[in-house]
Amino acid sequence: MGPLSVAWALDIASTVHEHTLSNGLKVLLVESPKAPVVTVQIWYKVGSRNEVMGRAGLSHMLEHMMFKGTERNPKGTFSRIIRKNGGNDNAFTSQDFTAYFENVAADRTELALALEADRMQGLQLNENEFQLEREVVKEERRLRTEDDPQSSLVEMLFAQAFLMHPYHWPVIGWFSDLNAMTLDDLKAYYDTYYSPNNATLVVVGDIKAEHLIGTIKRLFEPIPKGPTPPVQKVTEPEQRGERRFVLRREAELPFAMAGYRVPNYTSDDSYALTILESILSHGKSSRLYRTLVYEQKIALAVGMEYNLLQTDGELLYCFAVVKPGVKIEDVEHALYREFDRLQDSPPTEQELQRAKNQVEAEYVFSQDSNFRQAMVIGQAETVGAGWRHIDKFLERIRSVTAQDVQRVAHQYLTAENRTVGTLLPTAPAADSNAVSEHINR
Amino acid sequence: MIAWMAFLTMLLSMAPLGNAQAADINPIRFVMPNGMTVLVQEQHSLPIVHIHALVKAGAAHDPPDKAGLANLVAGLLDEGTTTRSSHQIAEQIEFVGGALQAKAGEDFTTASARVLKKDTELGFELLADILLHPAFAEQEIDRVRSLILGEMQSEKDDPGQVASKAFKQLVFSNHPYRWPVTGMEDTLPKIKRADILQFYTREYLPNQTILTIVGDITADQVRTQLAKRFGAWKRGENGSHALPVPPPLEKPIVKLIEKDLTQATILMGHVGISRTNPDYYAVTVMNYILGAGGFSSRLMDSIRDNQGLAYHVGSHFEANLMPGPFIVSLQTRNEAANQAITGVVTELNRIREAPVTDQELSEAKAYLIGSFPLRVDTTSKLAEVLSLVELYSLGLDYFSRYPKLIEQVTKEDVLRVAKQYLNPARYALVVVANQHKAKVKS
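Order-wise, the sequence lines are chains F and G.
Sequential numbering of the first sequence, starting at 1, is according to the numbering used here.
Sequential numbering of the second sequence, starting at 442, is according to the numbering used here.
In case anyone wonders, no lab produced these hints; they're calculated from the structure.
Everything numeric in this text was worked out from a predicted model, so none of it was measured.
Where a beta carbon is used, it is the ideal one built from N, C-alpha and C, also for glycine.
Treat each hint with caution, since some may be false.
Reference listing, derived: stretches of chain G covered by chain F, where coverage requires no fewer than 3 residues with Cβ under 8 Å from a Cβ of chain F [as the list claims (entries may be wrong)]:
1) 528-535
2) 585-597
3) 697-705
4) 771-781
5) 784-796
6) 818-824
Please put together the full structure from these sequences, using the hints given.
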């Protein structure tokens, strides 16, 4: 394919140092000596897909509690220690994983590792801290979802598309589940999932792998192996026929979404779906932007999301912000017409090559940062694909044909396989937009 | 818009550590015969090149009745040139997996190209084309304008946007910083093609532009590209850009905006400082301790960790060419609005009344100095920072001076700047909420 040398593409495979400690902790190290900085990330194989009905949001709640201290590093000290050493730390939770990270100067790597080792099993869960933090998480839910019409629609889309599978509920959880949660729930969850045999440690940056593995063994190997976490076995039944729902609430503009059930990295179709997503939605030259935004001028914004690195088969979904004065049905049908077009005839060679070039260029740009590189490795490993999948991915992307794209459009972008959600704005209440000003408060 | 992961906090940049230590930043600077200032930082660890142009004209230079002009001009740059259609530009840059972006701010406008090394030539060609030869076709003007108007409408669903717009109008009542960069619903429609051409011709000049190149390219290669692509750009008359200094508020002012939401979005603050204020570094340390230090800050500790009132709370000095706003922002459930406001005022008073502790001071300095490489950790971030160093005349030794500038701040400085630049008696307060439930005391 030309533009990129294979050497770049194979960078990952040639540089990852893999170790498995005696307690089962997987360690993946990448030496990237371009600057004396390091990112440390620890990935736990637990996310909202491991939760049970009635306790949605438990993974994310526990993520918040992980900053509440251990015997050795009490409340408030964790982030403070990292910060006063010039580093940043944080964490994120998704459907499939919970991950913690520290970005530090290379000579502070051990400090970050020691803190992560300490809280892998030393967390002190305290009732008062839990009560306070639950309020913080509820504020987070209000901020992200409750008061945001589009986010509310996304949440409903997953709830409609997945009836049985835990992808049904949001990562942040429902209010009622957050209220029902107890400290005992958190303790049991922590004991079940936070163990070396359920985690992957990724370190990328100015390190010497041979030297660092000794430090890692010293810090992490004393942690005993934990129980084998239960396997999440729920399989979502096949979808038979379109599902539709409507969200009516105060909002300025209508918003439409359509989600299609698609496979993950385990299917060969995932590569063609990745190319399809790019052709339809990446940039101003993409089909959806070109048609709906530029030519027909019926949408303010359009987009499509597909990520093959999911533990279970997920959704490919598209969305459109409807332009003022335009009917939402017209926008929805315009989206489907673009899918029909791809089913009727394969993309052009130019489109196919552009999509491939974008995937490869993005991969090179991602190496500009240790953090993003560690993200890709950690996610591939945690969802079950394995970090070696990254190289396979680039090779398989190159071999996707125009006919492959047409075929997956046919197979997945069908009415039978879709869940459609529309946000229909209602008029604001009578006293809305009232404004008052007071001087001399 | 659609977040997959529920992040613990949004305060921290998710951006990664990357490829530069402060000590390694030693750009070459020169001025072209046409007056364009050029900065080049070679970085050969990855085959990527970032080209970043900063034009010293922004929304603050809009005519008040045509607010949104600078932003509309920036938005039209890549929507067609004299030799390329909008579609051709997108097709060319996206075919190679590159990116082209243009964006107006208050004081200046930026336009940039990001490409792989093998596409360096194309990157320079396209960036120069959109900067030197934009067509401003009538149909593109109408199209882009209607998109911006639509986005403005959409932003009314975002309480943060609603609050921010109201806040700026209160704080900068007679100053160009009062309008949003995008303009307003009653000013944007008034902009004619002639206005666009006039603004472009007057402001987009090589002698008003800083071009910064970071990546896998040599200074010689840059010179070759510049001669070829930017050599013909003609110097022009430099208009006066002096902006007035925004006056402080004379009285406290409260604005309550009704919206049927579960949370109250609260903004409090007043006029802050300019980037060239010599107290900038003392203010940076003070504000870190007050509300910019993530989980180490007093506001976070009090409002979030000890009272459980908010997911996010922070304070920010927007140091522009002229003093921009100082803002404390948070969101809390409607019913807790008064408690949160009281909590903020308590912290503002506390940092003005008593010195910070030795530990707070040393931890703030350690973070600000130690994390400096984080702020220049990708080619695009470094290009942006370099262009600002030039804009604010900080000098190319800024990167080695910065640790000293922070280190020399004392507890007395922190107390002095807190007293001088924080004013809990004369501030603007904006609350977007279900006011019936929030019952903000006035």
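Hints, one by one, checked against the model:
1. 528-535: Three-residue rule met by the segment 528-535 of chain G, so holds; n is 4.
2. 585-597: holds (count 8)
3. 697-705: holds (count 8)
4. 771-781: holds (count 3)
5. 784-796: Answer violated; 0 residues pass the 8 Å Cβ test.
6. 818-824: holds (count 3)
Checked against the numbered hints listed earlier, the structure breaks hint 5 alone; every other hint is satisfied.
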